[in-house]
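Chemist: Could you slot chain Z onto chain G? The hints should help.
So the sequence lines, in the order shown, correspond to chains G and Z. Just so you know, the numbering used here puts the end of the first sequence at 247, numbered straight through with nothing missing. Just so you know, the numbering used here puts the end of the second sequence at 175, numbered straight through with nothing missing.
If you want the footprint, here are the derived chain G segments under chain Z, 3+ residues with CB under 8 Å:
| hint | stretch |
| --- | --- |
| 1 | 178-189 |
| 2 | 205-212 |
| 3 | 217-230 |
Restraint ranges, calculated between C-beta atoms of paired labels, are given here:
| hint | chain 1 | residue 1 | chain 2 | residue 2 | range |
| --- | --- | --- | --- | --- | --- |
| 4 | G | D222 | Z | H98 | 23 to 29 Å |
| 5 | Z | A82 | G | E104 | 55 to 61 Å |
| 6 | Z | H98 | G | L24 | 35 to 41 Å |
| 7 | G | A83 | Z | R26 | 53 to 59 Å |
| 8 | G | D222 | Z | P90 | 33 to 39 Å |
| 9 | G | R124 | Z | A110 | 58 to 64 Å |
| 10 | Z | W89 | G | D215 | 34 to 40 Å |
None of these hints come from the bench; they were simulated from the model. Note that beta-carbon positions come from the ideal geometry of N, C-alpha and C, so glycine has one too.
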Amino acid sequence: MKEGDAALLRARSLRKNYGDGEGLVRAVDEVDLDVAPGEVLVVMGPSGCGKSTLLHLLGGLDRPTTGKVWLNGRRTDQLSERALAHVRRTEVGFVFQAFHLMEELTAQENVELPTLLAGRPPRRARRRAVELLEMVGLTDRAGHLPSALSGGQRQRVAIARALANEPSVVLADEPTGNLDSAATLEVLRLFESLHGAGLTFVIVTHDERVAATADRLIAMRDGAFVDETRLVGGTKGNLADLAGLGA
Amino acid sequence: MQQEVLLAMVAKEPSYGYQLRARLDRALGPLGEELNAGHIYVALGRLERAGLVSSERSPGPAEWPERKLYSLTAAGQERVNAWLGEVGWPKADLAEFHLKLVAAAAAGLADPVGLVDAQRRELLRRLRDAQRAAMEEADHSDAALLLEGIVLRLQADLRWLEACERAWTGRRREP
Chain G
1 MKEGDAALLR
11 ARSLRKNYGD
21 GEGLVRAVDE
31 VDLDVAPGEV
41 LVVMGPSGCG
51 KSTLLHLLGG
61 LDRPTTGKVW
71 LNGRRTDQLS
81 ERALAHVRRT
91 EVGFVFQAFH
101 LMEELTAQEN
111 VELPTLLAGR
121 PPRRARRRAV
131 ELLEMVGLTD
141 RAGHLPSALS
151 GGQRQRVAIA
161 RALANEPSVV
171 LADEPTGNLD
181 SAATLEVLRL
191 FESLHGAGLT
201 FVIVTHDERV
211 AATADRLIAM
221 RDGAFVDETR
231 LVGGTKGNLA
241 DLAGLGA
Chain Z
1 MQQEVLLAMV
11 AKEPSYGYQL
21 RARLDRALGP
31 LGEELNAGHI
41 YVALGRLERA
51 GLVSSERSPG
61 PAEWPERKLY
71 SLTAAGQERV
81 NAWLGEVGWP
91 KADLAEFHLK
101 LVAAAAAGLA
111 DPVGLVDAQR
121 RELLRRLRDA
131 QRAAMEEADH
141 SDAALLLEGI
151 VLRLQADLRW
161 LEACERAWTG
171 RRREP
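Same shape as in the complex, but just chain G (with noise of 0.2 Å):
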C-alpha cells in the first residue's frame, strides 16, 4: 500500500514555521494525522496552540513549511495554485466562527454560491441549496438576508453552503465560538445528523461541547499533539446523579 492511501486525509511531518532567527514560531511542529472516512475527529487546545494554522494546512488554505499531506490518496501539498482552488471547492468543505456569509445575498444565494462557483448550471445550483436548506432545517429561511438571521441559523447555514458540492471532508473552526448555548446545540444536532449520514469531519476548537462530540478527540500545546482519546463507555445512569435525583 502506498503512503496516503486508506485514510480520507493523512498528514505526515507537517510543519509550519512563522519569523525566523530568534522569532522564529513553530506554529505547527511536527504533525501526523489520519483521518478515517465517516469519523469526526476534533482538535482541541488553548487559543494560539496552532489549531487553526493546521486546518488551513490541511484544507489547503495554507502551505506547509515541510511535510506532506494527502486528500482522498493525493498529495495537496505540492499542487499548483490552481489546482488546489479546484480542490478547496469541490472536495473541502469550510465552516468558521465568523460564518463569512455574504451578507448582501440571501440564505438560499449564499448556498447556491460554491456550485456556481464551481462552474455548474444555475439551475442545478438552486436545486442543491433548496435541499441543503431543508436538510438544515431552514427551508422557510431561505429567502432572508443573514442579518435577519439568528447565530444558529446563520452557522446551519454556512454549514449548507459548506456542503453545497458535496465535499469529503468538513473542516470546521470554532464553529460554536460566536454561538450561545442553545445555538450551539442546534449546531451539534446537526453535525450529530451529518455524522450519522456518514460525512466526515475534521473540528478544532476550545469548546469543551464540541469536544464531547468526537469520536476521536486529539489535545494540541505549542504545535504539537499531546494526547489522543477515544469517548467510549459511560452510563445514562449518572445523568439522573449529576441533576441531583441520586438515591
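Modeler: Frame of chain G; chain Z shown alone:
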C-alpha cells in the same frame, strides 16, 4: 429528592399520586425514568403522617378503588412557602480532587497531569451523554432546560481541569 419538591407539586391542585408522577416526568424527561411510582406513594404517606398533606378516598374505577386524592394542609402550604424562599445550593466537592492532586504530587504517587487527563475523559463522557439526551429533547421543554444546566456545570468543571492541567504541567517543568 427532597420531600418539599413533592409537596410543591401538590400545591397546584388536589392531586392523585399518578398525576404528581406525570408532572415530575414532564419536568424531568429522560432523567425521571428511574423515579419509581412506589417511592412517590411512600413519600406521600410520610407527608400525610407529618400533617403536611391530607387525603380523601375518591370513588375511583372499580379496578382501583383505593385511589387517594391529596391536598396541601395549612402546615404544608407554610412549608412550601418557606422552601421557595430558601437559597441553599448543591455543593460542588472540588476540594477532594484538588487535594488528590496535591497529595499525589507530594508523595510521588502519581503524575497529577495524568490524573487530570483521566478525570477529563470521565467528564467528557458525561458531557457527551448529557448533550445527547439534550439533543433528543424538544427545544424549550422543561427537561431540556435541566439538561442544559448539567451541560453547563460539566463545562465549568472541564474548564477548571484545564486550569489544573496548565498549573501542574508548569510545576512539572520546574521541579
